[in-house]
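Chains as they are written, first to last, in our numbering: chain G, 1 to 603; chain W, 604 to 689.
Quick caveat, the hints were computed from the structure, so don't treat them as lab data.
In this text the structure is predicted, and so the values were computed from the model without any measurement.
Check the hints yourself; a few may be wrong.
Lysine-lysine pairs mimicking BS3-like chemistry, simulated, CA-CA at most 30 angstroms apart [said to hold, decoys possible]:
#1 W/Lys676 x G/Lys596
#2 G/Lys596 x W/Lys606
#3 G/Lys320 x W/Lys613
#4 W/Lys606 x G/Lys320
#5 W/Lys613 x G/Lys596
#6 W/Lys676 x G/Lys320
In silico contact screen, one side only, chain W against chain G (beta carbon under 7 angstroms); selected entries [claimed, not checked]:
#7 Trp611
#8 Leu618
#9 Trp625
#10 Phe633
#11 Ala637
#12 Asn640
#13 Phe646
#14 Pro649
#15 Thr651
#16 Gln657
#17 Leu660
#18 Val664
#19 Phe670
#20 Ala671
If you only want the chain G side, here are some residues facing chain W, beta carbon under 8 angstroms, derived [as the list claims (entries may be wrong)]:
#21 Ala245
#22 Phe292
#23 Arg323
Backbone N, C-alpha and C define an ideal beta-carbon position, used for all residues, glycine too.
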Amino acid sequence: MKGNFIDNLPKVYGIYTGGFLGFIIIMSICEQMGMTAKTIGICFVAFTVAIYAIIGYLSRTAQADAYYVAGRQVPTVFNGMATAADWMSGASFVAMAGGIYFKGYGYMALLVGWTGGYVLVASLLAPYLRKFGCYTVPDFIGTRYGGNLSRFLAVVVLTVASFTYVTAQINATGTIASVALDIPFQYAVYVGLVSILLCSMLGGMRGVTWTQVAQYIVLIIAYLLPVFWISNKMGAGFFPHFMLADEVARIGELEQQFGFVKNAAADLKTVPKGLAGITKAHSAVNATPWAFISLALAMMMGTASLPHVMMRYFTTPSVKAARKSVGWSLFFIFLLYSSAPMLATLSKLSLIDPTLSTGIIGKSIAEVQAIDWYQNWNQANLMFVSDFNGNGTLELNEFFMGGKAVVLATPEIAGLPYVISGLVAAGGMAAAMSTADGLILAIANAISHDVYYKIIDPKAETAKRLVVARVLLVVIGFAGATIAALEIQGILGSVIWAFDFAMSGLFFPLVLGVWWKRANKEGACAGMALGLLSGLGYLIWVRNGGSGFLGITQLTFGIFGSAVSLVAMVVVSLITSEPSAATQRMVDEVRVPSGKSILGKQH
Amino acid sequence: MSKQEQHWEKTRGLLMITLAIWFVFSIGIFLFGAEMNEVTGPFGYPWTYWFTCQGSLGIFVILIFWFANRQEKIDEEFGFSEREDD
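Next up, chain G with everything else stripped away, as it sits in the complex (with noise of 0.2 angstroms):
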C-alpha cells in the first residue's frame, strides 16, 4: 500500500494540479455570475486549506521513523518540491517582489544569497548528514561530538534561530487570512496557526511533507500566473523572463525624466507607516560591493545552517537521492526567485508610465483618489497619495505603497479578474504556512528527540515520544501565534535574523564536523555559545546605537557571529585532545555513501 503510494505520486499530484486548475476556472466563472469578491477570496482560503488538512489527516502515522523523517522514501523530485515550499516562505512570496521594487540591487543581494546557499548545502552538508542518519539537526551534533552539553547547545541555536523566523510566518499567515476571511489579525493569527497545526499534527514529517508539495503547486501557479498574465496583456512579451529589457530601460528613462525629488521631513510624517515612495533606480548599481557582498554571505551561510531546511534532505531514500535532491529544490525555487524582478518591473512600470492606461503618476489628485482599486488599497493601509507640492497633479514622489502591495495589489491595478487576486492569496497562505510548518516542527522534533529522549528519558517507549512531540508541536505553535498577534517586527526583519542566528551559532560546528576530523566537543561548544552570543551581542549593540564596524549592520550580524565561532572552535579544539578513535573512524564512515548509516533506522 505504502509502496503504492510513492509509485503513483505523479498520478496523485497531477491530478491534484488538475483539480486545482479545474477550481481556478470554476470561480472564474462564479465570478462571471456575479460572485462577490470577498466570496472568491473566502472560497480560495477555505478550499486549499481544507485539502492540506486532509493531506494532513491522510498522512497520519505511529511511526518514529516516518514522524520524524517521513520513513526515508521521499522521492528526489517531491522533495525538491517540498523543500521549496518549505524554503518559500510569506517573505519570499509577498514581501520579495516589493523589496526589489523599492530598494533594487541592494535588496536583490538577497536573491543571490537565497538561492547560492543552495551550493553549500549540497556540497558541504547534506548528503554526510543523510549517510549519518540523523532525526534532526542536533541529533547529528551531539553524536558527532558527544555529549549532552553539545546537543542541548545545538537545540538552544536552532530554537532562537527558528523561533525568530516563526512567528514572522505565522504573522503572514495571519495577515492573509484576515484580509481574505475579513476577520480581524489578532483571531486570524489563531485561525492561520490551526490551519499550519492540522498539516503536521497528525502525520509530523511525513504529514508536512505531502502537504508541502500539495502547497508548493499552489504557490508556483499562484505567482507565475499574473507575472506571464500581466506581461501579456501590457504587451511587453509572452515570456517576461526574456523579453523585459525594453521595460528596464524605459523604467529607467522614466526616473530620468521624473528625477527623484526628496520630500521634506514633515511632509513624510504625513505618510501612514510602513509605506514608502520609489526613491531608487530599479536598474542601477545602488550599493557598494561590500554591503551587497555581506549580505549575500550571511545569507548564504545562514541557508546551510537553518534546520527546517536541512532536516528535508534526511527524508530523500539514499545519499545520492538527497544530492540531486538540493538541485531539484534550487531549480523550484528559481522557478518563484527569477519571475520576482519581472513582477516588480511589470508592477513598477504600469502604475509609474504615464502612457498606460493603468499609469497613475502625472494624472490629477483628485482623478487617482476616484481609482476603486486604489481606494481598496488605500483603506488596507498599503497605499497612499498627497499632494505635497500642491500643483494637483501626482508626482513620482507623492505616491507611497507597503511593500506587500506589490504582489497583492498588481493584479488588480493591471486589470485582471479578482479571481486572481483570489489565487494570488491562496499562494501567500501555502507559502507562510508551509514554511512555518517546517519550522515549528523542527523545534518540536529537536526538543521532543533530543532533549526529552536523548538527555531526559532515553527509555521513553515511541507511542509516549509521540505524544510529547506533539504537545510541543502545539506548543511552540501558541507561543508563536502569542508573539506574532503582538506584531513586534516586519516580516522580512525578522526572516533575516534568523539567518544571521543560525550561522553565528550552527554553521562552523556543522561543517567542520564532517570536514575537519581533529574537531571535538569542547571546540563545538565553544563555537555554538561565543557564536551565538556575540552574534546576539553584535545585534543588541547595534540596535541601541552602537557603530558596529566593517560595515557588518543589524541585517549581516551573523558575519561577526560566524566568525567568533570559526576561531572559538578551532582554538578551543586545538587547545583540548583529539576526538576518540571512535568517533574518528565515524566521520571516516560519513564521509563514503556506501555502508549502514551511523545512527540505526529507528533510534
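Chain G is fixed; fit chain W onto it per the hints.
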C-alpha cells in the same frame, strides 16, 4: 594510500572546484557590479542586473546538478556508491 583516503582526496578536490565556481558567481562578480552594469548583457538586460535576476541563480542550479554527477562518478570509481536496495 588507502582507497578511502584517495576517495576523500578526490572528493575534496571536487569541493574546491565547486566552491571556486560558487565564489565567482556569488561574490567575485559583484566586486565589479557598478562597472559591469554599464554593459548590455543577455536578452538586453544590463549585465549586473541580469546576474542578480537570473544569471547567478541559474548557474547555481546547474552547478549543483553538475557537482552531484561528478561526486557520483567519484563514489563509483572507488566502489563506495550505495547499492540500489539501500
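These are the hints, each one checked on the structure:
1. W/Lys676 x G/Lys596: At roughly 20 angstroms apart (the allowed maximum being 30 angstroms), lysine 596 of chain G and lysine 676 of chain W satisfy the hint.
2. G/Lys596 x W/Lys606: Judged against 30 angstroms, a Cα distance of about 18 angstroms means the pair holds.
3. G/Lys320 x W/Lys613: holds (17 angstroms)
4. W/Lys606 x G/Lys320: Given pair lysine 606 of chain W, lysine 320 of chain G holds - Cα atoms ~20 angstroms apart, limit 30 angstroms.
5. W/Lys613 x G/Lys596: Holds: lysine 613 of chain W and lysine 596 of chain G sit about 22 angstroms apart, inside 30 angstroms.
6. W/Lys676 x G/Lys320: Given that 30 angstroms is the threshold and the Cα spacing comes to 11 angstroms, the pair holds.
7. Trp611: OK, holds: tryptophan 611 of chain W within 7 angstroms of chain G, min 6 angstroms.
8. Leu618: holds (5 angstroms)
9. Trp625: Holds, about 4 angstroms.
10. Phe633: holds (5 angstroms)
11. Ala637: Interface hint status for alanine 637 of chain W: holds (4 angstroms vs cutoff 7 angstroms).
12. Asn640: OK, holds: asparagine 640 of chain W within 7 angstroms of chain G, min 5 angstroms.
13. Phe646: With a minimum Cβ separation of about 5 angstroms from chain G (threshold 7 angstroms), the hint on phenylalanine 646 of chain W holds.
14. Pro649: holds (6 angstroms)
15. Thr651: holds (6 angstroms)
16. Gln657: holds (5 angstroms)
17. Leu660: Cβ of leucine 660 of chain W sits 5 angstroms from chain G, so the hint holds.
18. Val664: Given a least distance of 5 angstroms, the restraint on valine 664 of chain W holds.
19. Phe670: Holds - the Cβ of phenylalanine 670 of chain W comes within 7 angstroms of chain G, reaching about 6 angstroms at its closest.
20. Ala671: Constraint on alanine 671 of chain W satisfied, holds at 4 angstroms.
21. Ala245: Holds - the Cβ of alanine 245 of chain G comes within 8 angstroms of chain W, reaching about 3 angstroms at its closest.
22. Phe292: holds (5 angstroms)
23. Arg323: Nearest chain W Cβ about 4 angstroms off; hint holds.
Comparing the model with each numbered hint stated earlier shows that all of them hold.
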